[in-house]
Structure formats: structure tokens, C-alpha cells
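K.L.:
Okay, here's what each chain looks like letter by letter:
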Amino acid sequence: AQSVAQPEDQVNVAEGNPLTVKCTYSVSGNPYLFWYVQYPNRGLQFLLKYITGDNLVKGSYGFEAEFNKSQTSFHLKKPSALVSDSALYFCAVRDDNYGQNFVFGPGTRLSVLP
Amino acid sequence: GAGVSQTPSNKVTEKGKYVELRCDPISGHTALYWYRQSLGQGPEFLIYFQGTGAADDSGLPNDRFFAVRPEGSVSTLKIQRTERGDSAVYLCASSPQLGSGELFFGEGSRLTVL
Chain D
341 AQSVAQPEDQ VNVAEGNPLT VKCTYSVSGN PYLFWYVQYP NRGLQFLLKY ITGDNLVKGS
401 YGFEAEFNKS QTSFHLKKPS ALVSDSALYF CAVRDDNYGQ NFVFGPGTRL SVLP
Chain A
2 GAGVSQTPSN KVTEKGKYVE LRCDPISGHT ALYWYRQSLG QGPEFLIYFQ GTGAADDSGL
62 PNDRFFAVRP EGSVSTLKIQ RTERGDSAVY LCASSPQLGS GELFFGEGSR LTVL
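Chains D and A are the protein sequences, given in the same order. Just add 340 to wherever you are in the first sequence, counting from 1, and you've got the numbering used here. Just add 1 to wherever you are in the second sequence, counting from 1, and you've got the numbering used here.
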């Protein structure tokens, strides 16, 4: 079955600096990979996804993520962090060998300091 | 509204009581998912529907949990004989296409079992 790890509970970065939120996954088939963001008292919002094609995918709010098959990773990145990016970020995976279920990671809290 | 609507937003009940949580998906979305999120954790899959049928209910923790979607739109998650361990935020998401990955989440129903 598929699984997702987010090795950092918390990431702190200064405003204007680049940010990275890490995600690694395990699947038996081909991975479909996603990032979602959750602001306080709000529902999860879709940021971006990798299905196939170019390993670098771009999403909402200037975020991007790089699919690395050999390292089974899908790290979320942004060149210049904003204070408003502070939120909870979730990586999710679907294994095309296991139906249409999406498995979410435990989440990483991003704090962007002014 | 245009988004996924979940009611009630908050529900406090006593151990042993019956609870229903409702989800009204985005119009036209054929896929509907239920997840459960405990404090400090990522969303945990419960069940998903394609149309009226439950395509995968493998995430339901036990037979006290049941969900229906009789007309392929609104869904109700039903919990019998609630236990304190059922306390969590129950999230509903819909998608225009099963497995596409872009899930549109509601703001959740927070269930507290005393």
C-alpha cells in the first residue's frame, strides 16, 4: 500500500528566503503526487500535482514541486517566502495499483518570519 | 455557495449517541470522499463514492461507521454508538473526476464526544 512521509514537523524561514517542505513516498505502482495547504480554520486547498510528464510542476501562489523518482521524493519549493505562506502543508499520494484512494502525510507547519 | 458545504460545523455529543454529518459537494462533481483528521495528524481516508455507490469503504474503522449518497450528490456520514475516540474533524471533499487528485475540501465538521 502507499505511504507518505513528511520528515519535518515544523519549518521556519525568513520572509524573502527560499523555502522547501520535504515529502517522500512509497508506492508499488506509479505515483500520483499532490500538495495541499491548510490555513487556520479553513479547509484544505489544492496547490499542485504531478501525474506524468515534466518533473518540475508549478502550482498556485508561486509554489512548485520537483518529482524525483530515484529518491522517491516530491519536495515543495518557493523561491521567495511570504509571511502569508505560513500554514500547514500536506503531501498526498495515490498509487495507481490501489484504486482511487489518496493517502496524506502528517503535515508540516511552515512559519515565515517577517 | 460554490464550494463544498459541510454541516454541522461543530457537533458535541455524549458517548453512545448517534450522529449524522452531512456533505453537499460542488454541483456536477461525481466523486466524493470522506476523511477524518485528528489533532496534529494528516487526513485519514474513510470512504469514497463514485456516483451513488461506495467505491471503496476500506477506511471505515468499524461497523459503527456508515456513509450513504443516495442520489449521487449529498452524502451523509453516520456514526452509531459514538465513542470518545471518534472525536475528530470529519472532512468531505469532492472532485470532478475520480482519481484526478484535485480534491475540493469543505471546512469540516468538528465532532466532540464527551
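One or more of the hints may lead you astray.
What the hints assert, rightly or not - Quick list of simulated restraints, FRET-style, between CB atoms:
1. Y438/D x G73/A: 19 to 25 Å
2. D58/A x G402/D: 37 to 43 Å
3. F67/A x I391/D: 31 to 37 Å
4. N395/D x G73/A: 45 to 51 Å
5. G29/A x G393/D: 23 to 29 Å
6. N357/D x T8/A: 27 to 33 Å
7. Q350/D x E45/A: 17 to 23 Å
8. G402/D x Y19/A: 26 to 32 Å
9. D436/D x T31/A: 14 to 20 Å
10. Y438/D x Q42/A: 19 to 25 Å
What the hints assert, rightly or not - Computed footprint of chain D on chain A; a stretch qualifies when at least three of its residues, placed anywhere within it, have a C-beta under 8 Å from a C-beta of chain D:
11. 16-24
12. 103-113
For the record, the hints were derived by calculation from the structure and aren't laboratory data. Idealized CB from N, CA, C, for every residue including glycine.
K.L.:
All the hints need checking, so say for each whether the structure fits it.
P.N.:
Do the hints match the structure? See the list:
Taking 19 to 25 Å as the suggested C-beta distance range, the pair Y438/D and G73/A conforms, at roughly 24 Å. Range check, D58/A to G402/D: about 38 Å between beta-carbon atoms, so the 37 to 43 Å window is met. Separated by about 32 Å at the C-beta atoms, F67/A and I391/D satisfy the suggested range of 31 to 37 Å. Taken as a hint, the range 45 to 51 Å is violated for the pair N395/D and G73/A, whose Cβ atoms sit roughly 37 Å apart.
The given range of 23 to 29 Å is respected by G29/A and G393/D, whose C-beta atoms sit roughly 27 Å from each other. At about 41 Å, the beta-carbon gap between N357/D and T8/A misses the expected band of 27 to 33 Å. A hinted range of 17 to 23 Å holds for the C-beta pair Q350/D and E45/A, which are about 21 Å apart. Between G402/D and Y19/A the beta carbon distance is about 46 Å. The supplied range of 26 to 32 Å is therefore violated.
A hinted range of 14 to 20 Å holds for the C-beta pair D436/D and T31/A, which are about 19 Å apart. Taken as a hint, the range 19 to 25 Å holds for the pair Y438/D and Q42/A, whose Cβ atoms sit roughly 21 Å apart. A stretch counts as covered by a chain when three or more of its residues have a beta carbon under 8 Å from one of that chain; for the segment 16-24 of chain A and chain D the count is 0, and the coverage is violated. Counting residues of the segment 103-113 of chain A whose C-beta sits closer than 8 Å to any C-beta of chain D gives 7, which meets the bar of three, so the coverage hint holds.
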